[in-house]
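A.B. asks: Heads up: the sequence lines are chains A and B, in that order.
Note that the first sequence covers residues 1 to 415 in the working numbering.
Note that the second sequence covers residues 1 to 85 in the working numbering.
Hints in this document: simulated from the structure, not taken from any laboratory.
Don't take each hint at face value.
Unchecked claim - Facing chain B, from chain A, some residues (calculated, C-beta under 10 Å): (1) L56; (2) F58; (3) Y280; (4) Y282; (5) Q286; (6) Q333; (7) A337; (8) A341; (9) H363; (10) S393; (11) E404.
No residue lacks a Cβ here, since even glycine has one placed at the ideal position from N, Cα and C.
Letter by letter, the chains look like this.
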Amino acid sequence: MQTDVVIVGGGPAGAASALFLHKQGIKSIIVEKEAFPRYHIGESLTTRAGNLLRELGFEAEMLEWEHPRKVGVKVYGPEGKNSFYVPVMGRDDNGELYDTYTWQVRRADFDNMLMEKARECGVEVIDGRALRPIQDGDKVVGVEVQLDDGETVEIASKVLIDASGQSTFLAGAGLTSPKDRDRYDNQVAIFSQVRNTRRDIDNRDDTLIFYQKMFHWAWFIPLDDDVVSVGVTVPTEYFQSQDESPEAFLLRELGELNSELDIRVPDRTFLEPVRAASNYSYHIEQFAGDGWLCVGDSHRFIDPIFSFGVTFAIAEAKKAANAIAAYLSEDNQGDVASLLAYQEDAESGQDVIQALIDAFWNHPFAFAFFAHSRYVEDFVDMFAGRIYMDEPSRGLQAIHTINEQHPGKIAGQLA
Amino acid sequence: MNTEQILERFIVDELLLGAGAEQIGVDDPLVSSRVLDSLGLLRMVTFIEERFGVTIEDGELIPDNFETIRQITEMIASKQPTSAD
């Protein structure tokens with residue numbers, strides 16, 4: 001079997017890679033080990049993710065699914081007070097901000113929609129587990145796959161995309177630089193779904209974030225008119241010290257974490273088994289090379305607080321498709337420069353969100369002043385996902401200044 | 001009124017709305033004692049910049065710099081041209 005690009009993983013990073021490659025006229029095969037639709041956490045999208053979905057032609061289908069439309073994010077601080085609001089806003093061709101909306105999605109449906117669209121575009125989806133990349137010297141020339149019936153096949157490719165998410169396929173194979181634990185590694189998220197919540201009359205489908213102490217926060221993400229995804233993220237040490245089952249922990253935290261959250265979720269009957277995700281934060285520095293690159297969670301996962309998971313997946317998928325088109329162009333002669341440029345570009349966007357999250361926890365006062373007063377538009381831009389900057393905005397420079405002049409705690413150092 | 005008095009009046013009249021102390025000493029803790037909440041702190045920065053015509057730099061926006069009226073007064077003074085210039 002052979003193809004231009006073989007994609008390991010059929011989540012948003014993989015399916016969007018296939019769709020953007022299709023737009024470039026490049027053929028791909030997706031290898032997916034799980035049967036879709038399948039559950040996944042990470043339901044809130046940014047402005048950028050919404051616009052990329054529109055670019056891929058999904059607007060009508062997204063509306064048909066009746067995914068809740070998100071026009072902003074409200075953040076509630078200690079005592080349920082000191083909230084601030086970040087509207088979902090785009091920028092037009094003249095650089096002017098305009099009101100828009102993005103979505104919150106049940107990932108099982110959403111991810112399946114992307115995968116089905118890829119199939120419609122002629123992308124073959126192979127049900128199986130990627131075992132190892134096939135190399136010719138330093139160059140990756142394919143992947144060995146174990147099919148669901150146990151048979152092993154080789155798929156020859158010009159480029160391999162690792163879109164395996166937190167499985168980090170290529171890091172596991174030793175092809176990337178080592179997978180380093182990152183700053184929010186000692187965190188655990190406990191989550192489920194509830195109904196009969198109290199939502200605002202205006203903007204009732206918005207994402208809400210609540211925090212109390214450092215690194216101790218909760219999400220409230222409407223999934224339809226009734227059901228809301230709720231989750232609590234805390235230092236692992238704190239979770240362990242409570243000595244509670246995940247259900248008991250989530251139940252108690254929904255009442256205690258923030259007075260506003262307590263009011264918002266009066267009915268704590270969980271509609272889904274309570275799930276937990278722990279030690280999720282990692283970072284891989286070198287994630288592209290001759291004939292291969294990583295997209296989305298397969299090279300870095302920072303922290304879920306500002307809803308950037310799907311955004312990184314789809315934004316990097318587009319950048320990867322452009323880089324691969326340049327790499328495969330007839331006059332390129334195997335120069336890996338475009339793939340390495342992709343790596344730098346993707347990393348720069350992730351670095352912005354890392355800096356934003358660091359400042360949010362360590363410098364809430366400065367963060368609030370920047371976001372409320374001094375650099376309002378720059379913060380709207382960053383939350384919207386306009387994070388790939390030629391020159392850092394003044395708001396981003398301010399974040400770097402406060403982080404550098406007053407280095408704070410990082411989650412792993414709390415203990 | 002001098003700078004210290006202006007700051008005290010602003011805190012008592014505008015931020016505490018008469019609901020807190022009538023007087024605040026120049027060395028009384030504002031932030032750690034929670035006399036000022038974070039919203040109050042934000043309004044204080046805007047007030048200082050507008051009233052005294054100075055700029056609080058990005059890197060100066062840490063609560064420690066606003067702990068007492070004396071500290072804030074010294075920060076403002078350091079930003080204003082002295083009359084000897």
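A.B. asks: Now, for every hint given, state plainly whether the structure supports it.
C.D. replies: Status of the hints after comparison with the structure:
no. : hint : result
1   : L56  : violated, 38 Å
2   : F58  : violated, 39 Å
3   : Y280 : violated, 29 Å
4   : Y282 : violated, 30 Å
5   : Q286 : violated, 33 Å
6   : Q333 : violated, 47 Å
7   : A337 : violated, 36 Å
8   : A341 : violated, 31 Å
9   : H363 : holds, 7 Å
10  : S393 : violated, 13 Å
11  : E404 : holds, 8 Å
Hint compliance for this structure: hints 1, 2, 3, 4, 5, 6, 7, 8, 10 are not met, and every other hint is.
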